[in-house]
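Construct the entire structure; sequences and hints are all you get.
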Amino acid sequence: GRGRQPHRLLMRIAVTRPEEDAGPLTAKLEGLGHEVVMAPLLAIRPRDGVAIPQLPWQAIAVTSANGIRALPAGHRLTSFRTLTVGPQSLKAARAAGFTAEAHGGDVNGLAAFIRASLAPQGGPILYLSGAETAGDLEAQLAGAGFDCRRVVLYDAAPADDLGAADAALRNGRIDAVLLYSPRSAKIWRGLVEQAGLGDAAQRVTHLCLSRNVAA
Numbered sequence: 072g073r074g075r076q077p078h079r080l081l082m083r084i085a086v087t088r089p090e091e092d093a094g095p096l097t098a099k100l101e102g103l104g105h106e107v108v109m110a111p112l113l114a115i116r117p118r119d120g121v122a123i124p125q126l127p128w129q130a131i132a133v134t135s136a137n138g139i140r141a142l143p144a145g146h147r148l149t150s151f152r153t154l155t156v157g158p159q160s161l162k163a164a165r166a167a168g169f170t171a172e173a174h175g176g177d178v179n180g181l182a183a184f185i186r187a188s189l190a191p192q193g194g195p196i197l198y199l200s201g202a203e204t205a206g207d208l209e210a211q212l213a214g215a216g217f218d219c220r221r222v223v224l225y226d227a228a229p230a231d232d233l234g235a236a237d238a239a240l241r242n243g244r245i246d247a248v249l250l251y252s253p254r255s256a257k258i259w260r261g262l263v264e265q266a267g268l269g270d271a272a273q274r275v276t277h278l279c280l281s282r283n284v285a286a
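Under this note's numbering, the first residue of the sequence shown is numbered 72, with each subsequent residue one higher.
Where hints are given, some of them may not hold.
[Stated by the list, open to error] Pairs of lysine to aspartate or glutamate residues, derived as DMTMM-like cross-links and limited to a Cα-Cα distance of at most 20 angstroms, are as follows:
no. : residue 1 : residue 2
1   : K99       : D119
2   : K257      : D226
3   : K257      : D270
4   : K257      : D218
5   : K162      : E91
6   : K162      : E90
7   : K257      : E203
8   : K162      : E172
9   : K99       : D246
10  : K257      : D232
11  : K257      : E101
12  : K257      : D237
In short, the hints are calculated from the structure, not lab data.
Structural data, given as structure tokens:
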């Protein structure tokens, strides 16, 4: 009837992103009325003593907001064109003073943009990354003739347990879990099995960023 609000299914959702990345997503979900269970599967640990070559970079490639957050003080990189993969890494780069733009949506998309829009003779590419990455940007660009220098700025250490999600799963208090990478999906599965919660997790909807994550 007139004035009736459309029905929305409110859910109890486990957010598995690292704490550094989970804030905006959690706020958005809670703003929609959902209940969030924080279950970070990875902890971001910046590396000490990282040296970044001072070269005339044609561009800086960043595939995670943590690649910006983990930069050492005094890096002097903000004057270079910076290419990110999506809104979160773009926001982090701009907040840190970079002139940044987002392309591709993931590592493969960013590599395709660089190959199509930049030329190897234009200068080296600086790739800011973590120790483990979802795609090999360095190899993709090197295969196209680019001088790509990868600098590892942080490690993403796996969680030892499910944290708050353990009790929530045991008590049937999770309707869905959000998984953003193949690595975090494997960690989730391993921790669920370690806790003896495989049957409980079977009843939960797993919402995955990609087919690779789902697999």
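Exercise for review: Could you tell me which of the hints above the structure violates, numbers in ascending order?
Suggested key: Violated: hints 1, 4 and 11.
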